[in-house]
Amino acid sequence: CLFLHVGRGIYYGSYTYSETWNIGILLLFAVMATAFMGYVLPWGQMSFWGATVITNLLSAIPYIG
1 CLFLHVGRGI YYGSYTYSET WNIGILLLFA VMATAFMGYV LPWGQMSFWG
51 ATVITNLLSA IPYIG
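Using UniProt numbering, the first residue of the sequence shown is number 1, and each one after it goes up by one.
By construction, these hints were calculated from the structure, which means they are not laboratory data. All clues stand as given, with none of them false.
Each pair of labels, with its calculated beta carbon distance range: (1) T20 with G50: 29 to 39 Å; (2) W49 with G7: 33 to 43 Å; (3) A51 with V6: 24 to 34 Å; (4) I25 with I54: 18 to 28 Å; (5) L4 with A30: 16 to 26 Å.
Cβ coordinates follow ideal geometry from the N, Cα and C atoms, glycine included.
All chains should be built: construct the whole structure from the sequences, respecting the hints.
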């Protein structure tokens with residue numbers, strides 16, 4: 001559903017509203033991070049070490065980490 005919403009925004013040119021588009025992209029990333037932390041980690045599909053490495057990659061990005 002989120003990808004359809006983003007696709008609709010691209011199709012109709014809503015990306016020209018940069019402030020609104022950037023907030024939407026931040027929300028998309030927040031949803032993806034929540035899904036990662038809530039699904040991948042508890043079910044043991046990835047080791048704790050691997051998950052730590054992936055989440056620590058965010059600290060390498062300025063203004064996020």
